[in-house]
Amino acid sequence: MGSVPVEARRSLVDRLKDIDRRVIFVFIAVAVIIPLVWPIGLSLKASPPARALFNEVESLPRGSIVLMAFDYDPATEIELGPMSLAFLKQCFRKGLKVVGLALWPQGAQLARTSFSEAAEGYDVRYGVDYVNLGFKAGGIVVIDSLGKNIRASFPVDVDGRPLSELPLMKSIRNFADIDFVMSLSAGDPGLPFWIMIAQGRYGRKVGGGCTAVSAPMLYPYFPNQLVGLLGGMKGAAEYELLVGEKGPATRGMDAQSIAHAAIVIFILIGNIFFFISRRRQKLMGART
Amino acid sequence: MTLETFSGTFGLWMGAALTLCIFSFLYKDNPFYRFAEHLFVGVSAGYWLVYNYWNIVKPNLIDPLREEQWQYLLPLVLGIFMLTRLFPNVGWLSRWAIAFMIGSGSGIMIITYLQSNFLEQIKSTLVPLDPTGQPWYVVVNNVILLVGVVSGLVYFFFSKAHTGVTGRIARIGVVFLMVSFGASFGYTVMARISLLIGRLYFLLHKCVGVI
Chain A
0 MGSVPVEARR SLVDRLKDID RRVIFVFIAV AVIIPLVWPI GLSLKASPPA
50 RALFNEVESL PRGSIVLMAF DYDPATEIEL GPMSLAFLKQ CFRKGLKVVG
100 LALWPQGAQL ARTSFSEAAE GYDVRYGVDY VNLGFKAGGI VVIDSLGKNI
150 RASFPVDVDG RPLSELPLMK SIRNFADIDF VMSLSAGDPG LPFWIMIAQG
200 RYGRKVGGGC TAVSAPMLYP YFPNQLVGLL GGMKGAAEYE LLVGEKGPAT
250 RGMDAQSIAH AAIVIFILIG NIFFFISRRR QKLMGART
Chain B
0 MTLETFSGTF GLWMGAALTL CIFSFLYKDN PFYRFAEHLF VGVSAGYWLV
50 YNYWNIVKPN LIDPLREEQW QYLLPLVLGI FMLTRLFPNV GWLSRWAIAF
100 MIGSGSGIMI ITYLQSNFLE QIKSTLVPLD PTGQPWYVVV NNVILLVGVV
150 SGLVYFFFSK AHTGVTGRIA RIGVVFLMVS FGASFGYTVM ARISLLIGRL
200 YFLLHKCVGV I
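First to last, the sequence lines map onto chains A and B. Anchor point for the first sequence: position 216 equals 215 in numbering that gives the first Met the number 0, and the numbering is continuous, going up by one each time. Anchor point for the second sequence: position 137 equals 136 in numbering that gives the first Met the number 0, and the numbering is continuous, going up by one each time.
Wrong hints could be hidden among the right ones.
Where chain B lies over chain A, by a calculated footprint (3+ residues, C-beta under 8 Å) [claimed, not checked]:
hint, stretch
1, 18-27
2, 76-85
3, 126-140
4, 194-207
5, 227-237
Not everything, but these chain A residues come out facing chain B in the computed CB check (under 7 Å) [what the hints assert, rightly or not]:
hint, residue
6, V31
7, L35
8, G62
9, T210
10, P215
11, N223
12, Q255
Hints in this document: simulated from the structure, not taken from any laboratory. Quick caveat: nothing in here was measured; it's all calculated off a predicted structure. No residue lacks a Cβ here, since even glycine has one placed at the ideal position from N, Cα and C.
Full structure from sequences and hints, please.
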């Protein structure tokens, strides 16, 4: 490098500094696609919030009632879908009864998919071991009404069947009959409302999963108001690891890690060339 | 091929084609991207109109009224008041509906919000600094928490000039805020990469079948 003229070096620096953003897009795409097709199997360790959630569910006696809220839509399915599958599989393995509902319109359909996928391989029956109450508009008002009377907000299940026809729902009236609340939340209404009402007002234990974007806002609730939290795809992969059911999140974490490494490298390269360029400009200014 | 299978396959390939159309914007703006964008906006508007009627308006208003539950006339009237904003001469009626929403919303939220997001959060910062009976790293963590909370609050205390001791504490607060913003940005990057992984997983798994 020492023998290369200053002008040539500057042009190289400038060229790299002004690199076309589409080149970066290609690098990121390659960094994501290759680990997806050929998984590397990078090591993953469960964080304390994920482990705390897992241990709390493990400690529930057989037959306990878990209320699970599917407060998300297809846009965040890649982050929250794997969480729901891993969590439901743990519940079915433990013999817990799951009551699903949604505060987001499309959550009811996603709940249906998750229940049917998670139930494969377990001796569980709809109406006896799990139910899907469907969607109800109203957010925090709906959660509050669950504390008084579930039937007031959900007189029928997602398919229009009266709750009186579902054996599981015969003994469940309100939050007093719920042992654990789990909210998979992509925004508003979501986990903060469950914390405010189910935990704050009715004293239920609440766990949650959320998108990576909202994770920094929700971590302060752990451990006093939230027994555990899964943040983004990483949280989903951690839970898959704990439950022993590797799924799309575990596969995605390789791609996630490599993409992050690529972004860090680009940030470093960008900064290095920025400082080199500024130094060259100073030198050129001093000469003139 | 049954109709159900055909519709599933057609939907799958439509999803793949539209995903590629949207991704094409990364190269540059083009007609394929615009087609997908306009299609998304139009379909979303139609979808949500129908969805909201059948899942919100009908079960929460029309059905109860058909069952002669006349108390539901109140939300019906308030709902109509909301629409009066479209007519300037009676637009003031919409304020009644808005006032009802703000009033009931505040009543439900204020106490609960203060309890969960203010008092409980303050309680969470009251952590033991005594090293007796707890691991050293927990004590260090608690000290960091205390310093971060206090210095962050001092930074947002504007009734005293940020000079001298106050200024130095506020500067420590800025460091904590920067770390917090950095963590938030990192999580945001993770979320965006997750979305990319989601779409690529869809293309490679469901459409191409290579994973």
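Verification of the supplied hints:
no.	hint	result
1	18-27	holds (count 3)
2	76-85	holds (count 3)
3	126-140	holds (count 4)
4	194-207	holds (count 6)
5	227-237	holds (count 4)
6	V31	holds, 6 Å
7	L35	holds, 6 Å
8	G62	violated, 30 Å
9	T210	holds, 6 Å
10	P215	holds, 5 Å
11	N223	holds, 5 Å
12	Q255	holds, 6 Å
Hint compliance for this structure: hint 8 is the single one not met.
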